[in-house]
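Chemist: Given next are the chains, with one letter for each unit.
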Amino acid sequence: MYSNKVQDFGTPARPAAKSVALQIDGQPVTVPAGTSVLRAAALAGVNIPKLCATDSLEAFGSCRLCLVEVEGRRGFPASCTTHCEPGMKVRTQSRKLADLRRGVMELYISDHPLDCLTCPANGNCELQDMAGVTGLREVRYGYAGENHLAAPKDESNPYFTFDPTKCIVCSRCVRACDEIQGTFALTVQGRGFGSTIAAGPTNFLDSECVSCGACVQACPTSTLMEKSIVDQGQPDHAVDTTCAYCGVGCAFRAEMKGSEVVRMVPHKDGKANHGHSCIKGRFAWGYATHPDRVNTPMIRSKITDPWREVSWDEAIAYAASEIKRIQARYGKDSVGGITSSRCTNEETYLVQKLVRAGFGNNNVDTCARVCHSPTGYGLKTTLGESAGTQDFDSVEHTDCMIVIGANPTDGHPVFASRMKQRLRAGATLIVIDPRRIDLVRTPHVAADFHLPLKPGTNVAVLNAMAHVIVTEGLAREGYVRERCEVDQYEKWKTFIASPKNSPEALEAECGVPAASLRGAARLFAKAGNGAIYYGLGVTEHSQGSTTVMAIANLAMVTGNIGRPGVGVNPLRGQNNVQGSCDMGSFPHELPGYRHVGDAGVRELFATTWGVPIQDEPGLRIPNMFDAAIDGSFKGLYVQGEDIAQSDPDTKHVQKALESLECLIVQDIFLCETAKYAHVLLPGSSFLEKDGTFTNAERRISRVRKVMPPLAGMADWEVTVALSRALGYPMHYDHPSQVMDEIALLTPTFTGVSYDKIDRLGSIQWPCNDAAPDGTPVMHEQEFVRGKGRFVVTEYVATPERTTRKFPLILTTGRILSQYNVGAQTRRTENKVWHDADVLEIHPHDAEQRGITHGEMVSLQSRKGETTLRAVVTERMQPGVVYTTFHHPESGVNVVTTENSDWATNCPEYKVTAVQVVAHAKKSEWQRGFDSFASQQEGLLPKTAVRGDVR
Amino acid sequence: MTKRPEPRPPAPAGSGADTDPSRAAIDAAIDAAIAENRDLRGATLPILHAIQDRLGYVPPAALDRIAKALNLSRADVHGVLTFYHDFRTSPPGRHVLKLCRAEACQAMGCERVERHLAERHGAAMHGTTSDGRLTVEPVYCLGNCALSPSLLLDGRVHGRVTPERLDALLAGLAAEERA
Numbered sequence: 001m002y003s004n005k006v007q008d009f010g011t012p013a014r015p016a017a018k019s020v021a022l023q024i025d026g027q028p029v030t031v032p033a034g035t036s037v038l039r040a041a042a043l044a045g046v047n048i049p050k051l052c053a054t055d056s057l058e059a060f061g062s063c064r065l066c067l068v069e070v071e072g073r074r075g076f077p078a079s080c081t082t083h084c085e086p087g088m089k090v091r092t093q094s095r096k097l098a099d100l101r102r103g104v105m106e107l108y109i110s111d112h113p114l115d116c117l118t119c120p121a122n123g124n125c126e127l128q129d130m131a132g133v134t135g136l137r138e139v140r141y142g143y144a145g146e147n148h149l150a151a152p153k154d155e156s157n158p159y160f161t162f163d164p165t166k167c168i169v170c171s172r173c174v175r176a177c178d179e180i181q182g183t184f185a186l187t188v189q190g191r192g193f194g195s196t197i198a199a200g201p202t203n204f205l206d207s208e209c210v211s212c213g214a215c216v217q218a219c220p221t222s223t224l225m226e227k228s229i230v231d232q233g234q235p236d237h238a239v240d241t242t243c244a245y246c247g248v249g250c251a252f253r254a255e256m257k258g259s260e261v262v263r264m265v266p267h268k269d270g271k272a273n274h275g276h277s278c279i280k281g282r283f284a285w286g287y288a289t290h291p292d293r294v295n296t297p298m299i300r301s302k303i304t305d306p307w308r309e310v311s312w313d314e315a316i317a318y319a320a321s322e323i324k325r326i327q328a329r330y331g332k333d334s335v336g337g338i339t340s341s342r343c344t345n346e347e348t349y350l351v352q353k354l355v356r357a358g359f360g361n362n363n364v365d366t367c368a369r370v371c372h373s374p375t376g377y378g379l380k381t382t383l384g385e386s387a388g389t390q391d392f393d394s395v396e397h398t399d400c401m402i403v404i405g406a407n408p409t410d411g412h413p414v415f416a417s418r419m420k421q422r423l424r425a426g427a428t429l430i431v432i433d434p435r436r437i438d439l440v441r442t443p444h445v446a447a448d449f450h451l452p453l454k455p456g457t458n459v460a461v462l463n464a465m466a467h468v469i470v471t472e473g474l475a476r477e478g479y480v481r482e483r484c485e486v487d488q489y490e491k492w493k494t495f496i497a498s499p500k501n502s503p504e505a506l507e508a509e510c511g512v513p514a515a516s517l518r519g520a521a522r523l524f525a526k527a528g529n530g531a532i533y534y535g536l537g538v539t540e541h542s543q544g545s546t547t548v549m550a551i552a553n554l555a556m557v558t559g560n561i562g563r564p565g566v567g568v569n570p571l572r573g574q575n576n577v578q579g580s581c582d583m584g585s586f587p588h589e590l591p592g593y594r595h596v597g598d599a600g601v602r603e604l605f606a607t608t609w610g611v612p613i614q615d616e617p618g619l620r621i622p623n624m625f626d627a628a629i630d631g632s633f634k635g636l637y638v639q640g641e642d643i644a645q646s647d648p649d650t651k652h653v654q655k656a657l658e659s660l661e662c663l664i665v666q667d668i669f670l671c672e673t674a675k676y677a678h679v680l681l682p683g684s685s686f687l688e689k690d691g692t693f694t695n696a697e698r699r700i701s702r703v704r705k706v707m708p709p710l711a712g713m714a715d716w717e718v719t720v721a722l723s724r725a726l727g728y729p730m731h732y733d734h735p736s737q738v739m740d741e742i743a744l745l746t747p748t749f750t751g752v753s754y755d756k757i758d759r760l761g762s763i764q765w766p767c768n769d770a771a772p773d774g775t776p777v778m779h780e781q782e783f784v785r786g787k788g789r790f791v792v793t794e795y796v797a798t799p800e801r802t803t804r805k806f807p808l809i810l811t812t813g814r815i816l817s818q819y820n821v822g823a824q825t826r827r828t829e830n831k832v833w834h835d836a837d838v839l840e841i842h843p844h845d846a847e848q849r850g851i852t853h854g855e856m857v858s859l860q861s862r863k864g865e866t867t868l869r870a871v872v873t874e875r876m877q878p879g880v881v882y883t884t885f886h887h888p889e890s891g892v893n894v895v896t897t898e899n900s901d902w903a904t905n906c907p908e909y910k911v912t913a914v915q916v917v918a919h920a921k922k923s924e925w926q927r928g929f930d931s932f933a934s935q936q937e938g939l940l941p942k943t944a945v946r947g948d949v950r
Numbered sequence: 001m002t003k004r005p006e007p008r009p010p011a012p013a014g015s016g017a018d019t020d021p022s023r024a025a026i027d028a029a030i031d032a033a034i035a036e037n038r039d040l041r042g043a044t045l046p047i048l049h050a051i052q053d054r055l056g057y058v059p060p061a062a063l064d065r066i067a068k069a070l071n072l073s074r075a076d077v078h079g080v081l082t083f084y085h086d087f088r089t090s091p092p093g094r095h096v097l098k099l100c101r102a103e104a105c106q107a108m109g110c111e112r113v114e115r116h117l118a119e120r121h122g123a124a125m126h127g128t129t130s131d132g133r134l135t136v137e138p139v140y141c142l143g144n145c146a147l148s149p150s151l152l153l154d155g156r157v158h159g160r161v162t163p164e165r166l167d168a169l170l171a172g173l174a175a176e177e178r179a
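Those protein sequences? They're chains A and B, same order as listed.
Quick note on numbering: my numbering labels position 615 of the first sequence as 615, and the sequence is numbered without any gaps.
Quick note on numbering: my numbering labels position 146 of the second sequence as 146, and the sequence is numbered without any gaps.
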């Protein structure tokens, strides 16, 4: 539960235009119509006792503690289920009410262990509070009767315990699982006195539970309790911060004991998550203090040399001297840097500034290159801004949603819960995905259409849908003519209406029946508010940018941009992908997506930074690898990104890294990339520094330091020190000063400051004179670029084709319990759910190859091969296999190819022609990986970190 | 490997698990019960009844199949199943006797019948005889109060039950089984 210092209003807010005036204990109170008496009283400072009510859940009326008297009415209605009515006179305290409440408490306590002093909830327990408030002094029934005190604890979940002896069966957990999370994993089993809470017929771990923590949050006793609190006790203070996992950017309270985190609790006021969380943010934070953390800087001159632990000063001086040496010998452009989507905006800004001003070139790129770079390009071209158009709350007004190339229940679980809430309330759903993802059919939610396309044919499917809309007269011509470039629209319309784009012409290519394509197109076009949500299944293709533009076309032609409930919504992968892109991490753009070729923009930065800015774009990540191999690129500074694991065509990446003369890696762990490094600078986790993250809805939220950096320096301080050693001193005492500089130089950030973020909680950019409090929904009056631009999106099949040798298509993705390269989540108990990457394969393909469920199989492409465990599942379509990339030894990217998006070089992770062969041992690459890993481990100082968990 | 509920993979050839004829028959009965009732509004209860009618109980395998068919969670179905005393989750004896324990029957001596069942026939309430012949369960009112005490034997109501009449009824069952 929340710390009892956080006020709970008992029932959810009811936003209503009409208000109602009433009296509570003689006090006049005015509340929005539909507000419960319980909430109205709480708003007026009158706290009515309650147990089954909490303001995150609808009223239930079961505990009978919140009874009140209403003048002129008989009986004692429950204030949680009673709506305020005009002129109502409510009495919350009377002799009779006190007797009733005490009587109820007496019954609860007659079947409750009296071990408060040794109970983990001691000091923060609603049952204990209510016993105090109701003045319970004795239990007349005694304790000898039938009870539940011998019920066994369920400790199967690694993060929380379920102790039924403490349970009062208020159903808050069951309702939280249903209403908030939407998993329906809990129930009340049995009836009457025998009623108990159960995770279905099994224990929690084997149940449908996804460990989001909503039930633990809702529990008013210690029945559902974090194991960290059981072990460490209740916190002594809390600090508001932002989760460092996915792009949802949930607001959290870090509950602390001194500088030790004891619990992460989702923040009720968080505008991205409204008090909800997922397994990663809520529970998987133990990596931050894992023994594998790198806490001492290390250097070596060759990657076959042993590491030498050195002082920060020596490490920084060595790194700077190497950069200078390389630049002197090979030229200014022979070095570069990579910013991290996991670090803060301020840190990312500083790294690109270091490269542009300190190194004197534009060789800076970021991991968004391999995920959402097509989003930046595609949305900038069509709409005028490289970002999603909506806030998350917008989904509450959506009538029909398209989810394409995204798996929100695994990748963006907190937002997926919001989507499911809206879908249960009646919105329709179209899922475009090669796999039968959970959203296609999950308890109480089912897609109206699932278009299981062949990987690589997104553009064909979107073109076919647009064709139906245009040719069947479903286009919003009025909207388009007013808001978009008409000549471009006419050009596009002619293109899209041509018979080659009809569903019938494209069904064979994309594998989706024409009738489904037509049905889905009509459903979307006719819905009032249509919203499109997409992920990396859109961008990581040879036509990634084309697909993004096809999505924008579809949104514009149906009039679905510029108000709540609609829009184009990229679901960003990492916590700060949006921010790292905003901060000028791309080689061609300065902060705010302004091209380095623009002399005016260059002038602005040159004046402020005091150095000239190169006018030509620098190297993208794949160009850096190629240049390293051909010998023109020799030094690289990588902050918080594991390119050796996450980038495609691993063997090529490894060769590039081996070719560098100086690789400086700044990371919290000895990651795969660090094994090729010459300088290892310890990084700091999100708990150890101040800064901001920007989530998928452009929301800038504060990250706050709750403990000192384990290695003594925050990431931003390291970049500043490196810059100083290079002869380009930067003068910042605090990250807020970096944000002030960003605001000064970036028109979309003009109004942003730490003071304002603290005041508003968070800010969605653009935030400037035109929008002083930020912009939840973009393009409201007009598009950022003026008129929306339709772009002709010709479908071009990927060059990656299946052949007799490689007859299957591999597509990749991720899973709920693991995050990205897994460096964090693999170092938590999340490995209970997923301790190895597996290959999902359809029963038909498995049978043809003699593959049985659970056996090791070889996955081979023209690039390489690796060995994984097979999972035979009908989730896959025949001809397509799927795996994740969370474990380095899986070597999934040994198999992926060099193909990439035509506009942005975003790798085509989602389509690789492969063969799968039964009965496999470790591949040659995996054996090499093992021996390299153990060699590198042997080069570590004895006292220092251990290598990657194996 | 993932612990999230995955669709069950087809059984490997010859693994026995799904080729077990009784297991296959049970699954077939469950699927038939689902198919007949799934389009009803609020289909969970009719499906559970139909399964129990066919098999005498609701096997654990039914939960996943019902949940999947109706797009519910397994916990949803578990909650309904455990709420009603009438549903059994393990197979009963070959015959089921439901003895009425409601007011009228108690007043007319059903407890005597209950004792007799336990002492003479080894069939305690909620239990099954050691030979698997008879399961005894309580029931609360069969609507046959005028003829109390009543019982339901294999779906047939019998009124004015005495220990002697009970012996005769059970002897009849034994004779039937021998035949």
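No lab work stands behind these hints, which were simulated from the structure alone.
Watch out, some of these pointers could steer you wrong.
To be verified - If you want the footprint, here are the derived chain A segments under chain B, 3+ residues with CB under 8 angstroms:
1) 193-206
2) 264-274
3) 443-453
Predicted model only: the values in this text are computed from it and were never measured.
Glycine included, every Cβ here is placed at the ideal spot set by N, Cα and C.
Chemist: Quick check: which numbered hints come out false for this structure?
Modeler: 2
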